[in-house]
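K.L.:
For the record, the sequence lines run as chains A and B. Quick note on numbering: the first sequence equals residues 1 to 129 in our numbering. Quick note on numbering: the second sequence equals residues 1001 to 1139 in our numbering.
Honestly, I wouldn't trust all of these hints.
Computed cross-link-like contacts, BS3-like style, restricted to lysine-lysine with a CA-CA straight-line distance of at most 27 Å [claimed, not checked]:
1. B:Lys1106 with A:Lys123
2. A:Lys112 with B:Lys1093
3. A:Lys52 with B:Lys1094
4. A:Lys98 with A:Lys51
Looking from chain A toward chain B, a few residues come up when the C-beta cut is under 8 Å (computed) [said to hold, decoys possible]:
5. Asn101
6. Ala111
7. Glu118
Label pairs and their calculated CB-CB ranges [claimed, not checked]:
8. A:Asn88 with B:Glu1109: 28 to 34 Å
9. B:Pro1076 with A:Glu58: 27 to 33 Å
10. A:Asn80 with B:Glu1125: 20 to 26 Å
Note that these hints are calculated values from the structure, not bench results. The C-beta atom is built at its ideal place from N, Cα and C for all residues, glycine as well.
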Amino acid sequence: MESNLNKISNLINNQDNLSNEKEFKIASASLVCSIVDIAQVDSKKYCPIFKKKLNIEEEEFEQIKNEISNDALNIEEKVNHIKNALNNNMFQIMEFLKILNRFAIINGCTAKSYREFELIRDKFLREFY
Amino acid sequence: MRLKKFTILYVEDDKTTQEIIKEILRYSCKEVFIADNGEDGLKLYKEKKPDIVLSDIAMPLMDGLEMSEAIKKLNPNQPIALFTAFSESSFLKKASELDISTYILKPLEEEQFFNSLNYMAVELEFNINKVTQGENNGK
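Model the full assembly from the supplied sequences, consistent with the hints where possible.
P.N.:
Below, the structure is given as structure tokens:
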């Protein structure tokens, strides 16, 4: 089970596979925060997963979180940033969605969180439906 | 429709729900196989090798998670969707350990239901392409 998730983690952790690592990290952390409603939960418990799956350190995450709170979330924009950072590679995008799916169901996820994940997922894949 | 290319195993013990979903799936998918519980679902899975598995969680004899675990042992890449109200927290803990493709929220919303099925169809196509590309690169 871990192997699929590790594939994208490895890709993400290897900067050569990302056209813009910083942009990717901000966009992906923003989407995760939106799914898990980070303002309402202890963000520290997500830090190990951010590090493991998206190569985002705790300090980096705190910084990104502040940037996010000062900026209205435009999901469409974040989705496009991630697609571009992953070079529109569908294999990588599908692996990225698996990571988001994982975030959506951990730690007492609610139906609201899962609906948010579905909204984001469908924005990534709209052209394929 | 993307789903028309794929077969589905649908496992549900509630007969009323089963009838409704079965009819929807019959119009949308290539072929639908139905089972009333996880035990029968697993038998049917081994026999029919469906492309997608769609299952309820709480069922008699063998629940949806036990069945999913057994199926994943047979085929780790099998796309599986589970129906959940996200109130079954004891099930969810186990579910998060399995590589479940998607969860379909109850009460069912038609658009979300089809989007989730389409997501699995996309996942399947990319898995197929990945295998094909790998084979071609190996030549």
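K.L.:
The structure should be examined with respect to each hint, and the outcome stated for every one.
P.N.:
Here is how each hint holds up against the structure:
Of the pairs offered as hints, the one joining B:Lys1106 and A:Lys123 holds, with about 21 Å between alpha carbons and a cut-off of 27 Å not exceeded. This hinted pair checks out: A:Lys112 and B:Lys1093 have alpha carbons roughly 17 Å apart, not beyond 27 Å. As the CA atoms of A:Lys52 and B:Lys1094 are separated by approximately 20 Å, the hinted pair is consistent with the 27 Å bound. In summary, the hint linking A:Lys98 to A:Lys51 is supported, as the alpha carbons are separated by about 16 Å, within the 27 Å threshold.
At a threshold of 8 Å, the smallest CB-CB gap from A:Asn101 to chain B is about 7 Å, leaving the interface hint in force. About 4 Å separates the beta-carbon of A:Ala111 from the nearest beta-carbon of chain B, less than 8 Å, and the hint is met. Below 8 Å, beta-carbon pairs count as interface contacts, and A:Glu118 has one with chain B at about 6 Å; its hint therefore holds. The hinted window of 28 to 34 Å between A:Asn88 and B:Glu1109 holds, with their beta carbons roughly 29 Å apart.
Judged by the Cβ atoms, the range 27 to 33 Å given for B:Pro1076 and A:Glu58 holds: they are separated by roughly 32 Å. A hinted range of 20 to 26 Å for the beta carbons of A:Asn80 and B:Glu1125 is consistent with their spacing of about 22 Å.
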